[in-house]
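Participant: Now for the letters of each chain:
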Amino acid sequence: MFYREAGQFKSTYKADQAIFPILQDRMAIAFYLAVAFIAVPIFGSDFFITSIMIPFLVFSLAAIGLNILVGYTGQISLGTGAFMGVGAYSCYKLATIFPDINIIILIIASGFFAAAVGVLFGLPSLRIKGFYLVVTTLAAQFFLEWAFIRIPWLYNYNDSGAIEVPQRETFGIIVTGASATPSVRYLIVLAIVVAMTWVASNIIHGRIGRAWMMIRDMDIAAELMGVRPLYAKLSAFAVSSFYCGVAGAMMVFFWLGAAEVESFDVNHSFLILFMVVIGGLGSLIGSFMGAAFIWVLPVILRAVPNFIGIDVNAATVEHLNFMIIGALIIFFLIVEPHGLARLWALAKQKLRVWPFPY
Amino acid sequence: MELLYNIFIAPFVEMGATPDFLLQVLWEGFVAGTLYALIALGFVLIFKASGVFNFAQGIMVVFSALTLVGFYAAGLPAYVSLFLALVVMAVLAWSVERFVMRPLVNQPELILFMATIGLSYFLIGLGEFIFGGEPKSMITEELGLPTGSTTIDIFGGFVILQHLDIAAAIIAAILVICLALFFSKTRIGRALRAVADDHQAALSVGISLNQIWAIVWFAAGIVALATGIMWGARSDVSFALQIVALKALPVLILGGFTSVPGAIIGGLIIGFGEKLFEVYWGGLLGGGVEAWFAYVIALIFLMFRPQGLFGEKIIERV
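Protein chains in written order, with my numbering: chain V, 1 to 358; chain D, 1001 to 1318.
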């Protein structure tokens, strides 16, 4: 009724291949972007921007990165946290070595370091798959965690062992460090995430993305049809780690301000894997939904007892949080193993045919 | 040259010079290996029967140990607490089968794997909610486990053997023998192997999958409880054990996902390798290499023998 493509005729191939072929979809995307770019910085409180929106965007980007690997190429990885760490530490080193270069360029550049490390640890994927690959990515996770502690050069030999974000300006505006305002940091993160999502969408819908999906669906058939597994798998590891690395660099530079190894531990790898699976394997919009669900839900759960007026101590809430998230993950997997993205697609289909059943 | 000397010669010279210390290191490795093997055994049991990679095994170890300590702290005698902890694991096994595994039957393995991660989150929350997050000490003496140590004079030095570690090794051995007998001699054990072999064929001859899965999860729960007691007696019962449980993964890679003897031997190889490397070579890298060395062994091993030492050989070329 309201959401229907009737009357929208496509007269060019370009229009036919558009990512959002329906006018209502394009309007909705424009609306969301307008809200994100204009309404949130103006009306959002500092708490809302720093504790909800920035982490949500950072984790969305990391989830997109992992989704490229798990959802599109079918290679399970538990090393996401460490790859984010590689991005963060290399960005920190770059910012120390080249203090005059624009920090945004450095953040993107740090992605390449993460990509290189990702390819290195992706090499075993040429021989093995499934849970065996989980173990090799766990090797990456624990080895890199160890390296972040034991190689003092990475954190400039400071005593705390933490990396602290220096203050940097771009076009006369302070963008990183303690005195950068939340809205400035938010807008930069948002711009990078939107741009990189657009790039990811194009890669996935192009030749490389199709090769990844062929490898995922059936590697032997893919090879027979001329997809080289070596290039397909390693490029998936490279692109995936690039996204995770940029997300990690942004996490430290625009959100946390300072970070230790704990910010990149194996629990973060799980967290992002949850986002991908709950959001929907092989779906970009699902990555955003999953990140919103996994990140925002605990924030809401924490606020609920105060809101109702029950006095529960913080530790108990935290434990209940774990239980609720665990139960919800199982619940979602049972009800809809294809994640929130599938629910969204079903809802759209229902809206199209409404008021008729089909 | 000095680096090469430090890598290839110095450690062996040191081993030769102080053989008693080497023996002590090997013993430590053996004990750590037994515990890894026990955790891996829990994984193998469930993987064999249902093809589910049970990520929650680590937290099951913590949870069962906490239950045991919790019942004792509530004033019950030690053996009654042990029995009640077993009952709790049985209830857990039944609920997992009923509420997690049964609705997810026939799903891809990644989904099942994710479900067990969800389960482990749930159990972490539940465990902390009921018992609190702080580490607790295991009721070693109350359960009748030995606590002393023996010092053996050898090679002009001495080796200290904790009685508890010896007991752990013996209990692990008994557990493995019992499981092997259970698998090969009993009716249920044979049904288990049938299910592991082919789900559909097993169903068609009248084996109840649901019942089998509940039994397997209970068996994994018993192994978890044994592991929890042993590990808890060596250090404290705390949620940090969960990360250690991840070490069972390289053990499984080495031993093969479906092999009980593989789990034991894999555990021992990882245990020995890790301790030797940490003590003799770790210093070159700044120490703390125990955290990742097991994974690197597994990684190298995978390059040459992807199916593990005793795993089923699957030939597939891409």
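No lab work stands behind these hints, which were simulated from the structure alone. For glycine and all other residues, C-beta sits at the position ideal for the given N, C-alpha and C. Among these hints, one or two may not hold up.
[Unchecked claim] Label pairs and their in silico Cβ distance ranges:
1) D:1201 <-> V:304: 32 to 38 Å
2) V:207 <-> D:1208: 36 to 42 Å
3) V:231 <-> D:1098: 27 to 33 Å
4) D:1135 <-> V:149: 56 to 62 Å
5) D:1208 <-> V:342: 41 to 47 Å
6) V:127 <-> D:1098: 36 to 42 Å
7) V:150 <-> D:1201: 49 to 55 Å
8) D:1193 <-> V:150: 30 to 36 Å
9) V:28 <-> D:1105: 33 to 39 Å
10) D:1098 <-> V:28: 37 to 43 Å
11) D:1304 <-> V:231: 22 to 28 Å
12) V:153 <-> D:1098: 52 to 58 Å
[To be verified] Residues from chain D that keep clear of chain V, each with C-beta distances beyond 10 Å, as calculated:
13) 1005
14) 1053
15) 1087
16) 1128
17) 1171
18) 1184
19) 1189
20) 1199
21) 1249
22) 1260
Participant: Does each hint fit the structure? Answer for all of them.
Facilitator: Status of the hints after comparison with the structure:
Between residue 1201 of chain D and residue 304 of chain V the beta carbons are some 50 Å apart, a value that contradicts the proposed interval 32 to 38 Å. Against the hinted window of 36 to 42 Å, the Cβ-Cβ separation of residue 207 of chain V and residue 1208 of chain D comes to about 50 Å, which falls outside the hint. Range check, residue 231 of chain V to residue 1098 of chain D: about 46 Å between beta-carbon atoms, so the 27 to 33 Å window is missed. Taken as a hint, the range 56 to 62 Å is violated for the pair residue 1135 of chain D and residue 149 of chain V, whose Cβ atoms sit roughly 22 Å apart.
Taken as a hint, the range 41 to 47 Å is violated for the pair residue 1208 of chain D and residue 342 of chain V, whose Cβ atoms sit roughly 32 Å apart. Between residue 127 of chain V and residue 1098 of chain D, the C-beta spacing of about 39 Å keeps the proposed range 36 to 42 Å intact. One distance hint, 49 to 55 Å for the beta-carbon pair residue 150 of chain V and residue 1201 of chain D, holds here, with the actual separation near 52 Å. The given range of 30 to 36 Å is broken by residue 1193 of chain D and residue 150 of chain V, whose C-beta atoms sit roughly 46 Å from each other.
Between residue 28 of chain V and residue 1105 of chain D the beta carbons are some 37 Å apart, a value that agrees with the proposed interval 33 to 39 Å. The supplied range of 37 to 43 Å is met by residue 1098 of chain D and residue 28 of chain V, whose beta-carbon atoms lie about 41 Å from each other. Between residue 1304 of chain D and residue 231 of chain V the C-beta distance comes to about 24 Å, which sits within the given range of 22 to 28 Å. Separated by about 53 Å at the C-beta atoms, residue 153 of chain V and residue 1098 of chain D satisfy the suggested range of 52 to 58 Å.
Non-interface call for residue 1005 of chain D relative to chain V: holds, since the shortest CB-CB distance, roughly 22 Å, exceeds 10 Å. With a closest Cβ-Cβ approach of about 5 Å to chain V, residue 1053 of chain D is found to fall inside the 10 Å limit, against its non-interface label. For residue 1087 of chain D, the requirement that its beta carbon stay farther than 10 Å from each beta carbon of chain V is met, with the minimum near 21 Å. In this structure residue 1128 of chain D is not separated from chain V by more than 10 Å, as the shortest Cβ-Cβ distance comes to only about 4 Å.
Look at residue 1171 of chain D: its CB is around 27 Å from the nearest CB on chain V, clear of 10 Å, so calling it non-interface holds up. Annotated as non-interface, residue 1184 of chain D keeps its C-beta farther than 10 Å from every C-beta of chain V; the closest such distance is 26 Å. With 10 Å as the threshold on Cβ separation, the claim that residue 1189 of chain D sits away from chain V holds: the shortest Cβ distance comes to roughly 25 Å. Residue 1199 of chain D, annotated as away from the interface, keeps every beta carbon of chain V farther than 10 Å; the closest lies near 18 Å.
The beta carbon of residue 1249 of chain D is not kept farther than 10 Å from every beta carbon of chain V, the shortest such distance being approximately 5 Å. Every C-beta of chain V lies more than 10 Å from that of residue 1260 of chain D, the closest at about 18 Å, which supports listing it as non-interface.
Hints 1, 2, 3, 4, 5, 8, 14, 16, 21, counting from the list given before, are not met by this structure.
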